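Q: In order, the protein sequence lines correspond to chains A and B.
For the first sequence, our numbering gives the first residue as 1, with consecutive numbering after it.
For the second sequence, our numbering gives the first residue as 1, with consecutive numbering after it.
Since the hints were derived computationally from the structure, they do not count as laboratory data.
Everything numeric in this text was worked out from a predicted model, so none of it was measured.
Among the clues, some could well be false.
Which copy is meant is left open, so a pair is good if it fits within one copy or across any two.
Said to hold, decoys possible - Mimicking DMTMM-like on lysine to aspartate or glutamate, the simulated pairs with C-alpha atoms at most 20 angstroms apart in a straight line are:
1) 632 with 495
2) 302 with 521
3) 580 with 603
4) 75 with 152
5) 352 with 255
6) 632 with 297
7) 279 with 448
8) 632 with 300
9) 75 with 452
10) 302 with 610
11) 183 with 152
12) 368 with 233
13) 302 with 269
Number of protein chains: 2
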Amino acid sequence: MNASPLWLDFRPRPDLPLWTRRVTGEVTSPQGKAALRELRQGFAALGAEAAGDGPCLRLREEPGEGEGWRLSAEKDGPVLSGPGRGLVYGAFALLRKLALGEAPVPGEEAPRYPLRMLDHWDNADGSIERGYAGNSFFFREGRPVCGGRTREYARLLASVGLNGCCLNNVNVTGEALYLLTGKYDGELRAIGEALAEYGVSLWLSVSFAAPLEQGGLPTADPLDPAVRRWWRETCDRLFRAVPDLGGFLVKADSEGRPGPQSYGRTQAEGANMLAEAVKPHGGRILWRCFVYDCTQDWRDLKTDRARAQYDTFAPLDGQFADNVLLQAKNGPVDFQVREPVSPLLVRLEHTKSIVEFQLAQEYTGQQKHVCWLGAAMKEVLDFTGPAGTVKDRLSAVCAVSNTGDDFNWTGHDLAAANLYTFGRLCWDPDLDAEVTAREWTRLTYGPDPLVEATVTDILLRSREVYEQYTVPLGIGWMCDPPTHYGPSPEGFEYDRWGTYHRATCREIGVERGPAGTGYSEQYGPALGAVYGNMDTCPEELLLFFHRLPYDYRMRDGRTLLQRIYDDHFEGCAAAEAMAKAWDALEGRVRSDAFRRVQVRFREQVRSAREWRDVVNSWLYRLTLIPDEKGRKLYL
Amino acid sequence: MNASPLWLDFRPRPDLPLWTRRVTGEVTSPQGKAALRELRQGFAALGAEAAGDGPCLRLREEPGEGEGWRLSAEKDGPVLSGPGRGLVYGAFALLRKLALGEAPVPGEEAPRYPLRMLDHWDNADGSIERGYAGNSFFFREGRPVCGGRTREYARLLASVGLNGCCLNNVNVTGEALYLLTGKYDGELRAIGEALAEYGVSLWLSVSFAAPLEQGGLPTADPLDPAVRRWWRETCDRLFRAVPDLGGFLVKADSEGRPGPQSYGRTQAEGANMLAEAVKPHGGRILWRCFVYDCTQDWRDLKTDRARAQYDTFAPLDGQFADNVLLQAKNGPVDFQVREPVSPLLVRLEHTKSIVEFQLAQEYTGQQKHVCWLGAAMKEVLDFTGPAGTVKDRLSAVCAVSNTGDDFNWTGHDLAAANLYTFGRLCWDPDLDAEVTAREWTRLTYGPDPLVEATVTDILLRSREVYEQYTVPLGIGWMCDPPTHYGPSPEGFEYDRWGTYHRATCREIGVERGPAGTGYSEQYGPALGAVYGNMDTCPEELLLFFHRLPYDYRMRDGRTLLQRIYDDHFEGCAAAEAMAKAWDALEGRVRSDAFRRVQVRFREQVRSAREWRDVVNSWLYRLTLIPDEKGRKLYL
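Next up, chain A with everything else stripped away, as it sits in the complex:
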């Protein structure tokens, strides 16, 4: 298997404790055995010489399905105890500590959320929707495959604390429609077992129309008894055949996908019907909230896509079965580089929620640009709305994976930091995201202080830099419609996606305050008042919430237009500086890894210049107001 070990590429350390020479203990579960193996291999890679006696680390496996672990100092040396799954996480935590050169201290940990997962948008034909790191390693030529990467991927997930993985695209098409039907039970079981060895459960995306399309029934109405029976029987067979199945992820009534709306049923009626079918098997339903009108007439000024999800789901709060989790994207629209937090995440009172991040950098540079999303994820988790803080209200966390079968898994080497940070934050959302960026850098590139400082600095600044040279102040879109890569300021303007800025020669943006679409009011009175008023709205979201003239004065006295010009010039210069800083690491980073990143930086700089010049020139043409500093704009 030609794949990078990523952050598990342990290097010899000079300062290992003596007990790393020997690991003992009775482990019985597959996970316990995996923990033991990882520790022995890991300690050896860290430079520990195996010893037959003397100090040792003892594993003590406890019964149960829990995920916590405890490291205690007993008189004969340290003891790592916990159920099998906990031991896996404990083992990787210990290895991480040692690899970072930190002394393990007694204590215990358990994950904050019981479900911490990655969603793959992998298609059965092996392609990946919005994938930027090669092809699928779960599917090839129409079939699921359990290949060399499956177990390796499970290791990577477990090593950062993740425990779930949805194999297939939420847009279920082609052979993926038959994953439910028994046709691929053998393959799924094999994948499930490989994942389960590291405590990772397998999930499937399913089509709401399956009873109709695969089951041969005349309807997929969730209240139809035959439909309910079909789902129950399908689940009875499937969960027996694939014991490690966690449940289903469902994109219903969204962008042309089938759903309960077709039968006049609510989202709750749809989700609960599936929940009932998986419940006897301990399964759960992840029901996506990405429901909006994707055939909007651009002439329609009243419909506001940002409102759609809350308007659809808030009235149903309390109506969902207890094994349904509503899966809301982090923002109300669609993974733009800057959006407010989805009101669903702070307003639902009686419904379990799972937030969906997107590590696949669909709108954030497609893994050709560096864009570390750790701070962005942390902003969402730490966000406090009327009913509390997001991280305290969530039942689970997931993200669209950024992986594929590229050697480095994530296309851009530095994109692996997103996978790493995501896992660490799922385990403990109170972590300082910046610390995880530093951890990842040291684990990946070793202890060189210049490398650590440079790479960490690049990661920490990268999202703001990307935001500066691309889409200003939360306005979103402005990218090329089919690819979502590169600038096209008017690309979505007359299209059906509900994503408009309606720029004229005087003003830009959609008014979402109380005088506009009223979207700001979805946050409740207090927060709604902050967002709804342009003077109190956070500046980075100003054009998400407000339609403003170009001469609007920002808090620092600059005009809105000048601020946008400045951001683009500064962001682009910062991208150039990051590329240069990387160049200075030549000889300090392994040459293949150095070159891979260097090539990506060249493309990032090219693309950043294009973004800068296109967005600025477009605004210049609209307004004919020159840059105050006389920098070049193009007529």
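Assemble the complex: chain A is given as a structure, and chain B must be docked to it using the hints.
A: Below, chain B without anything else, positioned relative to chain A:
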């Protein structure tokens, strides 16, 4: 074969001359036999009862390869005489006359140009680049096929006077690269024979890199002796194997295609090398002039794509071998609904030219909109430049075909009128194009006067209507970049294609007069002065040649902006009226044909409204100047 007979669907006529009951004469060539068969079948379809004696039409085949025919009244009845090819054209001319209810009169005809051809952009996999009428009938699954449509297509071509057909896309890829190599000689010979029966010669598009890619040579340098030998030997074999081959069509140094530029050679050196190879076989080279920089930086204000073809080819005038024809598109850019005539067509003095029209409605509604191009073609043929009139200077005429394997051949039933008119104008460019539109209508729909009046009126107005609701005053583009269908006013603005309008809130267009890129000067002093001055420039080309403020006064006193608003409202209303006029033909046109066109009109009206509202709203947002008549614009 499930294909419409198009205009060859003869209906019984009440007024047939008696001699249509019997056709006699000695014919020996395949073409002479085809003529005899067509006459007998055609007369029968027109209602003539076969008779064993009595008045008759006599065919008199003469030797030779000529294409003229003569109808003379001898004492025993009419005689149609000419070589075999001429008899085919004479036969179809006679049938047309009779089908139209006109009395055939003695006389003779010969085509104006020796080569009158259709270029197919068919790919070996069966797809058609910019095809809007289904898939290829020349290729299926990577192979050329001689199927039921081949002969039928040759009939249709011959019936309107065409005599050449290039089978494959000028962008030669995939298996089409092997058409040269002997791999498909059998298939090509079969197709060639089927076409030749109706006097149609077969042509192939070839890749200039063939010696390198298929021949295994280290270069394709046209001055390399081994390359020259490879082409000679390849042609010796190919022309023997495919006796009806006319020659090659070549897209070189164009949009990424290989060409002589790669070896520092001129277009003439490239073309002449191929000309030498085909010359022993009577072959000719059609060398496309579509050479321009397709990776232009949009920031570059100096490069003007409109200049590129003339700048490249004019200095080479006189250097091309006598069996090379330079193939220039009708306009200097790329088949936009309105362009000036290419200066290559009126300035080259010592080089043979073939003009290329595009029946495939890439930029003119993709055979979902009616856009009859007869008048547009006629404008080009009748255009007079410093060295004479285009139609008098041409050596040949060709067009990109609008056909495919759809039942009706052309996607839109009314698009067949473009094929018909094109053939008729190739035969005789002095014909009144409007008369051909009327002919086509009567041949297609029969003698109903309301149908004739309605359809002819639709055809005659259709191009101006399309122009009105789409792209104003020759400015071009503004369509969706990948598909070239539907509006996207800024879609090409920051791209690499050299197709910009550079609209600001005050002005729009590229200045191509002497103060600008100087393109107007390519027409010579007199015509250049007309185009180069905004006050004398034809208004329909105003924005092709000039950059103007929105308040520029048109000759009728309206502002430029108001003219554009008006055109869009009027053009869209006219499209709606055309659709309504068609609806009124229900019951008068065969119901399947009626419905096919009705469905297309619905799409045309939808799309016309979109064009109207997008272009107008885009200009309104740019300027905030409302429509003087208060019609709806969208912010």
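Q: Tell me, please, which holds for residue 302 and residue 521 at an alpha-carbon limit of 20 angstroms: within, between, both or neither?
A: Close inside one copy (15 angstroms), not across copies (51 angstroms); limit 20 angstroms.
Q: At 20 angstroms max between alpha carbons, let me know whether residue 75 reaches residue 452 within a copy, between copies, both or neither.
A: neither (37 angstroms within a copy, 105 angstroms between copies)
Q: Within a copy, between copies, both or neither: which one fits residue 352 and residue 255 at a CA-CA cutoff of 20 angstroms?
A: So residue 352 and residue 255 fail the 20 angstroms test inside a copy (24 angstroms) and across (55 angstroms) alike.
Q: Can you tell me if residue 632 and residue 495 fall within 20 angstroms by alpha carbon in one copy, between copies, both or neither?
A: between (31 angstroms within a copy, 18 angstroms between copies)
Q: Between the shortest in-copy and the shortest cross-copy C-alpha distance, which are at most 20 angstroms for residue 632 and residue 300: within, between, both, or neither?
A: Between. Shortest inter-copy distance 13 angstroms satisfies the 20 angstroms Cα cut-off; intra-copy 36 angstroms does not.
Q: For the identical chains here, do residue 632 and residue 297 meet the 20 angstroms Cα criterion within one copy, between copies, both, or neither?
A: Only across copies: residue 632 and residue 297 sit 15 angstroms apart there, 36 angstroms inside one copy, limit 20 angstroms.
Q: Taking 20 angstroms as the upper bound on the Cα-Cα distance, should residue 580 and residue 603 be classified as within, between, both, or neither?
A: Within one copy, since 13 angstroms is at most 20 angstroms while 53 angstroms is not.
Q: With identical chains treated as interchangeable, where does the CA-CA distance between residue 302 and residue 610 reach 20 angstroms or less: within a copy, between copies, both, or neither?
A: between (33 angstroms within a copy, 19 angstroms between copies)
Q: State whether the alpha carbon distance between residue 368 and residue 233 is at most 20 angstroms within one copy, between copies, both, or neither.
A: neither (45 angstroms within a copy, 48 angstroms between copies)
Q: Which holds for residue 279 with residue 448 at a C-alpha limit of 20 angstroms: within a copy, between copies, both or neither?
A: neither (51 angstroms within a copy, 70 angstroms between copies)
Q: Given a CA cutoff of 20 angstroms, do residue 183 and residue 152 count as a within-copy pair, a between-copy pair, both, or neither?
A: neither (25 angstroms within a copy, 47 angstroms between copies)
Q: Indicate which option fits the pair residue 302, residue 269 if close means a Cα-Cα distance not exceeding 20 angstroms: within, between, both or neither.
A: neither (28 angstroms within a copy, 63 angstroms between copies)
Consistency note: the structure conflicts with the earlier hints numbered 4, 5, 7, 9, 11, 12, 13.
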